[in-house]
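Take the sequences, apply the hints, and build the full model.
Residue-level listing of the chains:
Number of protein chains: 2
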Amino acid sequence: MAAVAWIAVDWGTTHVRVWLMSADGQVIEARSGDRGMGALAQDGYELALLALISDVLGHGPVPVIICGMAGAKQGWAEAPYASVPCAPPDVSSAKRVPTQDARVQVYILSGVSQRNPADVMRGEETQIKGLIATQPDFDGVACLPGTHTKWAHLSAGEIVSFQTFMTGELFALLSLQSVLRHSVATEGWDDAAFATAVDDAMGRPQTIAAKLFGLRANALLGGLEGAEARARLSGLLIGIELAASRPYWLGQQVALIGAAASADPYETALTAQGVPVLRMDPTDMTLAGLRAAYSKLDQI
Amino acid sequence: MAAVAWIAVDWGTTHVRVWLMSADGQVIEARSGDRGMGALAQDGYELALLALISDVLGHGPVPVIICGMAGAKQGWAEAPYASVPCAPPDVSSAKRVPTQDARVQVYILSGVSQRNPADVMRGEETQIKGLIATQPDFDGVACLPGTHTKWAHLSAGEIVSFQTFMTGELFALLSLQSVLRHSVATEGWDDAAFATAVDDAMGRPQTIAAKLFGLRANALLGGLEGAEARARLSGLLIGIELAASRPYWLGQQVALIGAAASADPYETALTAQGVPVLRMDPTDMTLAGLRAAYSKLDQI
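Taken in sequence, the protein lines are chains A and B. Take 155 as the starting number for the first sequence in this note's numbering and just add one per residue. Take 155 as the starting number for the second sequence in this note's numbering and just add one per residue.
A hint or two may mislead.
Because identical chains share one entry, a pair is satisfied inside a single copy or across any pair of copies.
Unchecked claim - Derived SDA-like pairs: lysine to any residue, alpha-carbon spacing no greater than 25 Å straight-line:
{"hint": "1", "residue 1": "227", "residue 2": "376"}
{"hint": "2", "residue 1": "227", "residue 2": "300"}
{"hint": "3", "residue 1": "249", "residue 2": "376"}
{"hint": "4", "residue 1": "227", "residue 2": "331"}
{"hint": "5", "residue 1": "227", "residue 2": "176"}
{"hint": "6", "residue 1": "227", "residue 2": "340"}
{"hint": "7", "residue 1": "227", "residue 2": "379"}
{"hint": "8", "residue 1": "249", "residue 2": "373"}
{"hint": "9", "residue 1": "227", "residue 2": "346"}
{"hint": "10", "residue 1": "227", "residue 2": "250"}
{"hint": "11", "residue 1": "249", "residue 2": "196"}
{"hint": "12", "residue 1": "227", "residue 2": "206"}
{"hint": "13", "residue 1": "249", "residue 2": "374"}
{"hint": "14", "residue 1": "450", "residue 2": "187"}
{"hint": "15", "residue 1": "227", "residue 2": "374"}
{"hint": "16", "residue 1": "227", "residue 2": "336"}
{"hint": "17", "residue 1": "450", "residue 2": "247"}
To be clear, the hints were calculated from the coordinates, so they are not data collected in a lab.
Pasting the structure below:
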């Protein structure tokens with residue numbers, strides 16, 4: 155194994171991912187665990203980290219660069235938000251966290267906040283940093299679909315403004331825990347139903363709460379199939395998001411950073427609106443962002 | 155105790171309520187249990203009913219008039235929907251359910267459905283029947299706030315059209331199970347926050363998914379209090395409902411049938427829009443509706 159020069163970490167709510175990095179920025183090995191923020195008390199983070207990496211630590215201290223929820227108030231140590239407009243944070247503004255084990259030097263990257271309208275992100279700013287690092291000429295909008303989808307205006311290497319939508323969480327709650335769970339399948343899809351629902355919701359977004367119950371009623375009365383209901387539910391929720399995020403995507407190029415399951419429907423819907431979409435792999439962007447953040451270490 | 159001439163039953167998803175009725179339509183006694191549709195298999199209904207009433211049964215058969223989810227496909231016996239436009243169903247179209255115990259004659263009232271847009275109700279139609287029975291001159295719109303809020307156009311004793319909104323269920327899911335549970339109190343209220351949120355949502359309904367996350371961000375960044383967040387969440391959801399239900403309430407008198415906790419915010423929001431509101435007690439309406447449905451028994 156090549157020598158581990160530093161360690162990149164994405165510490166989310168439910169999972170933690172670790173990459174052992176060489177001096178020239180290559181991934182030596184990727185590792186992961188399920189001890190996310192939700193499963194850890196403040197004093198549990200160091201041991202959880204060491205459990206993933208202690209076998210590769212030598213005598214000298216190794217920098218560990220962390221993005222994500224580990225920097226939240228309920229995380230390992232609070233890394234205060236940077237405020238827009240700003241470049242996605244690097245180690246120069248990171249929270250330096252003391253550890254009992256001297257073999258690690260832990261830095262937690264700041265999230266980004268916006269005053270008005272109030273908004274926050276933790277983790278996505280590092281993916282955006284990766285986008286800026288790998289596409290330095292990109293000037294436009296980033297969309298990061300997920301539990302809490304983020305839209306961000308980027309310009310000259312900075313996040314200018316951003317907005318979060320609870321679309322992914324609404325989809326999960328409605329499809330798994332509401333009365334719609336009887337009508338919405340857990341898999342399967344219908345392209346036409348999705349497209350129609352996006353158009354419906356964009357055209358008359360205020361009808362969303364009625365359209366949602368309509369899925370149930372159509373299943374009871376009209377035999378709406380579960381896979382079609384699933385695509386329609388997704389289309390309704392993405393449709394109202396696109397109606398509200400129009401100032402972000404209209405006339406713009408959109409870099410779409412997300413796993414296939416969440417990003418594919420966004421690509422379909424945006425393409426139907428004539429928006430040019432640049433798909434970027436979310437893990438690649440996280441890693442590129444952590445690499446860019448780490449690159450400033452010799453300046454502090 | 156006066157003689158029990160018939161028995162009125164409201165059999166919902168989570169509870170069952172029973173009223174022992176005299177020949178002149180007075181309530182002799184009210185009883186209730188927690189064996190709703192969700193807790194019963196088809197063959198469990200008769201015993202669950204008898205457990206509540208067997209002590210008052212004599213030799214002759216007693217009519218039992220049931221409204222609500224007992225008539226659903228997953229209930230005691232399916233009572234097919236009546237289609238709008240129609241008067242709220244009475245016993246003449248009820249499902250007569252055979253019982254092993256000859257001391258009861260069970261009738262389950264039909265729900266009401268609508269073909270386009272597809273919609274269904276089970277239980278609310280009987281409250282509407284109660285409204286029509288007690289306010290025979292009422293011509294306007296009924297609003298029944300709840301888990302699945304119903305709006306219904308009434309004319310000449312019939313339900314002309316109706317629409318269901320998942321507002322109550324969305325409020326419960328978002329306030330108790332989403333990321334907002336960290337920011338939204340389980341009680342408390344703020345009138346001004348509610349009013350502002352209703353206006354925001356009615357004016358720009360498409361922004362709902364962003365406004366929802368805004369509650370979380372404002373709690374993190376701006377110290378938004380839990381009670382204010384609760385009122386704002388309610389206002390946002392009722393606001394988008396009022397934006398979509400405008401064709402129902404605009405220029406109309408609205409009979410509002412619901413428990414205080416769910417109906418009070420609707421009254422506040424509708425009154426702010428200049429809509430005259432007639433408050434009706436939901437239990438009184440259920441009972442009046444069952445009484446009106448029972449009154450047709452001698453005609454079958």
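Quick one: which hint numbers does this structure break? Sort them smallest to largest.
5, 9 and 14
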